[in-house]
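Those protein sequences? They're chains C and X, same order as listed. When we follow our numbering, the leftmost residue of the first sequence carries the number 4, and every step to the right adds one. When we follow our numbering, the leftmost residue of the second sequence carries the number 31, and every step to the right adds one.
No lab work stands behind these hints, which were simulated from the structure alone. One or more of the hints may lead you astray.
[Stated by the list, open to error] Selected chain C positions facing chain X (Cβ under 8 Å, derived; list incomplete):
1. T24
2. G73
3. I75
4. Q76
5. Y103
6. N105
7. H128
8. P166
9. V168
10. I191
11. G192
12. Y195
[Said to hold, decoys possible] Computed, partial: chain X to chain C, Cβ under 10 Å:
13. L45
14. D53
15. A54
16. Q55
17. V59
18. E64
19. G65
20. G87
21. L115
[As the list claims (entries may be wrong)] Computed cross-link-like contacts, EDC-like style, restricted to lysine to aspartate or glutamate with a CA-CA straight-line distance of at most 20 Å:
22. K117/X with D194/C
23. K323/C with D340/C
24. K117/X with E197/C
25. K254/C with E324/C
26. K122/X with D194/C
27. K99/C with E52/X
28. K71/C with D53/X
29. K350/C with D340/C
Ideal Cβ positions, reconstructed from N, Cα and C, are used throughout, including at glycine.
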Amino acid sequence: MTQNTNVQVNNGVSTSATQTTPLWLLAEVTYRCPLHCAFCYNPTDYDKHTQNELTTAQWIQALRDARKLGAIQLGISGGEPLLRDDIEEIVIEAHKLGYYSNLITSGVGLTEQRIQALKAGGLDHIQLSMHDVTEDINNFITNTKTFQLKQKVATMIKAHGYPMVLNVVIHRFNIDHMKQILEMAEAIGADYIELANNQYYGWSLVNRSQLMPTREQLDRAEAVTNEFRATNPNVKALYVVPDYFNDRPKKCMNGWGEVFMIVTANGDVLPCHSARSLPNMQFPNVKDADLGWSWKDSPAFNKYRGTEWMKEPCRSCEDKEKDLGGCRCQSFLLTGDAEAADPVCTKSPHRHLIDQAIEDAKNPQLQAQAILFRNDKNSRRLASGELKSLIEQFHSLP
Amino acid sequence: MTTQIQLSDVFSIGLHHRFQWEDAQQNYVILFPEGMVKLHGSAGEILKRIDGKVSVGEIVEDLKTTFPDAEDIESDIMGMLELALSKGWLRKV
Chain C
4 MTQNTNVQVN
14 NGVSTSATQT
24 TPLWLLAEVT
34 YRCPLHCAFC
44 YNPTDYDKHT
54 QNELTTAQWI
64 QALRDARKLG
74 AIQLGISGGE
84 PLLRDDIEEI
94 VIEAHKLGYY
104 SNLITSGVGL
114 TEQRIQALKA
124 GGLDHIQLSM
134 HDVTEDINNF
144 ITNTKTFQLK
154 QKVATMIKAH
164 GYPMVLNVVI
174 HRFNIDHMKQ
184 ILEMAEAIGA
194 DYIELANNQY
204 YGWSLVNRSQ
214 LMPTREQLDR
224 AEAVTNEFRA
234 TNPNVKALYV
244 VPDYFNDRPK
254 KCMNGWGEVF
264 MIVTANGDVL
274 PCHSARSLPN
284 MQFPNVKDAD
294 LGWSWKDSPA
304 FNKYRGTEWM
314 KEPCRSCEDK
324 EKDLGGCRCQ
334 SFLLTGDAEA
344 ADPVCTKSPH
354 RHLIDQAIED
364 AKNPQLQAQA
374 ILFRNDKNSR
384 RLASGELKSL
394 IEQFHSLP
Chain X
31 MTTQIQLSDV
41 FSIGLHHRFQ
51 WEDAQQNYVI
61 LFPEGMVKLH
71 GSAGEILKRI
81 DGKVSVGEIV
91 EDLKTTFPDA
101 EDIESDIMGM
111 LELALSKGWL
121 RKV
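From just these sequences and the hints, can you work out the full model?
Following this line, the structure appears as structure tokens:
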């Protein structure tokens with residue numbers, strides 16, 4: 004992206020080399036959700052965090068404290084954030100504080116009355132998730148009948164003068180519809196479409212063999228996207244390459260404790276969505292810890308900041324500053340060692356685990372396994388160990 | 031790159047974009063859906079003058095007066111405006 008002496012852009016968010024600032028505050032305000040997506044990245048044990056959500060006053064305090072630290076982009080996410088009835092209040096406060104506020108929603112619960120209140124309160128942007136051009140796939144992968152509703156909500160968002168930003172998680176069931184998905188985005192009048200190739204955390208990891216496309220499918224999808232970009236400059240299409248199919252890992256979260264701060268439904272303060280899956284970590288909570296201390300000084304935020312924690316092959320790798328060793332959660336989930344190189348990296352002694360997962364995804368028997376949809380009952384079953392056979396190959400689950 | 035910007039052009043901040051001073055960073059920023067651009071020094075000085083009313087020519091004169099020692103200021107300004115326009119941070123009024 005752009006890089007010159009006056010402007011710094013890095014994955015859409017600037018970074019400071021000397022002292023880190025939490026430019027992004029992601030507020031995962033609830034884990035409750037009316038959808039049951041097979042690829043949800045939320046923790047598989049989310050059910051235990053649905054009863055102890057932060058209050059409105061606690062969210063407002065967290066917003067104020069994070070703003071003082073420098074946070075400027077606010078993502079209001081979930082679960083489905085609109086299941087809370089105080090999003091309007093949170094938005095009003097965010098606007099007063101000078102945040103650019105982004106509501107990340109499935110569209111369920113976005114009524115004409117609420118969108119008017121959100122607009123009046125100063126909400127800057129609504130990102131709507133879409134799943135496919137066909138009603139069948141949309142309803143299958145979300146385990147709900149939400150196709151028609153999403154079309155209506157898209158129209159409503161556009162009518163209120165919001166930028167139209169669609170997010171489509173890409174997996175085996177919709178990847179061959181890429182051309183039609185892009186055409187739908189254009190027809191809706193989308194300004195941006197994020198084609199987010201599935202990453203394997205949370206529910207998505209449990210359903211990995213069923214969701215993962217083949218390399219050939221990915222190559223075709225990327226070619227279709229590039230062709231679309233060349234002929235449709237008005238729709239900005241962002242294609243997020245899936246890390247399993249790369250030779251080097253992603254710079255996860257743009258670096259641990261570099262720009263992203265996540266506050267979860269129950270108030271835990273995390274450097275990434277999945278961080279609670281790591282062993283022997285104590286994350287601060289806004290109910291009893293100062294947010295400035297949490298970001299700057301807490302042992303959890305300092306544990307994997309920078310490159311000091313690395314061991315080989317990362318420590319002597321010429322790319323260590325570039326990717327910061329990839330994703331700590333992915334390393335732990337797949338290798339059992341949070342400080343190992345991300346197994347996506349071809350220099351990792353564990354790369355065979357990724358290659359095996361890619362092979363498994365071609366296995367018709369594994370593909371045909373029943374999908375475990377994200378819902379409260381399945382969350383309790385996973386947490387209780389009842390579904391151990393599904394997850395025993397992983398060292399933990401987020 | 032051939033410049034398409036004329037001294038008579040008038041710009042405003044792009045649709046769905048917001049320009050503001052960030053105290054914590056001590057610089058101006060442009061905000062847009064899920065993204066931010068940090069504007070250091072001269073970039074901030076140029077964009078803070080964009081208000082949907084003044085022309086590029088007036089901005090050039092203003093900056094020449096404010097920074098009399100800066101060399102080749104006009105081409106810097108044009109370069110910055112080209113970039114900002116191509117990224118959608120600005121739109122022509």
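Here is how each hint holds up against the structure:
For T24/C, the interface hint holds, the least distance from its beta-carbon to any beta-carbon of chain X being 6 Å, beneath 8 Å. This hint holds: G73/C has a C-beta 3 Å from the nearest C-beta of chain X, less than the 8 Å allowed. Interface restraint check for I75/C: the shortest CB-CB distance to chain X comes to about 6 Å, inside 8 Å, so the restraint holds. Satisfaction of the interface hint for Q76/C is found here, the shortest Cβ-Cβ separation to chain X being roughly 6 Å, below the 8 Å cut-off.
The beta carbon of Y103/C comes within 4 Å of a beta carbon in chain X, closer than 8 Å, and the hint placing it at the interface holds. Contact between N105/C and chain X, as hinted, is supported at the beta carbon level, the nearest pair being about 6 Å apart and thus within 8 Å. A cut of 8 Å between beta carbons decides the hint on H128/C: the least distance to chain X is about 4 Å, and the hint holds. Interface restraint check for P166/C: the shortest CB-CB distance to chain X comes to about 4 Å, inside 8 Å, so the restraint holds.
With 8 Å as the threshold, the beta carbon of V168/C comes within range of chain X, its nearest partner Cβ sitting at about 5 Å, so the hint holds. At a threshold of 8 Å, the smallest CB-CB gap from I191/C to chain X is about 15 Å, leaving the interface hint violated. Interface restraint check for G192/C: the shortest CB-CB distance to chain X comes to about 13 Å, outside 8 Å, so the restraint is violated. For Y195/C, the interface hint holds, since its Cβ comes within 8 Å of a Cβ in chain X; the closest pair sits about 6 Å apart.
A least Cβ separation of about 8 Å between L45/X and chain C falls short of the 10 Å threshold, and the interface hint therefore holds. Hint on D53/X holds. Least Cβ distance to chain C is approximately 9 Å, under the 10 Å limit. Taken as an interface hint, A54/X checks out: its beta carbon lies about 3 Å from the nearest beta carbon of chain C, inside 10 Å. Among the interface hints, the one on Q55/X holds; its C-beta lies about 6 Å from the nearest C-beta in chain C, closer than the 10 Å criterion.
The beta carbon of V59/X comes within 7 Å of a beta carbon in chain C, closer than 10 Å, and the hint placing it at the interface holds. The beta carbon of E64/X comes within 6 Å of a beta carbon in chain C, closer than 10 Å, and the hint placing it at the interface holds. Contact between G65/X and chain C, as hinted, is supported at the beta carbon level, the nearest pair being about 3 Å apart and thus within 10 Å. Proximity of G87/X to chain C is violated relative to the hint, the smallest CB-CB distance being about 21 Å (cut-off 10 Å).
Against a cut-off of 10 Å between C-beta atoms, the interface hint on L115/X is violated, since the closest Cβ of chain C lies about 13 Å away. Distance check on the hinted pair: K117/X and D194/C sit about 13 Å apart at the alpha-carbon level, within 20 Å; holds. Distance hint between K323/C and D340/C is fulfilled; the C-alpha atoms sit about 18 Å from each other, no more than 20 Å. Using a Cα cut-off of 20 Å, the hinted pair K117/X and E197/C holds, with the two alpha carbons roughly 17 Å apart.
Restraint check: the Cα-Cα separation between K254/C and E324/C comes to about 9 Å, which is no more than 20 Å; the hinted pair holds. Annotation: proposed proximity of K122/X to D194/C holds, straight-line Cα distance about 18 Å (limit 20 Å). For the suggested pair K99/C and E52/X, the alpha carbons sit about 14 Å apart, so the restraint of at most 20 Å is met. As the CA atoms of K71/C and D53/X are separated by approximately 9 Å, the hinted pair is consistent with the 20 Å bound.
The hinted pair formed by K350/C and D340/C meets the criterion: a straight-line CA distance of about 16 Å does not exceed 20 Å.
The structure does not agree with the numbered hints 10, 11, 20, 21 stated previously, though it agrees with the rest.
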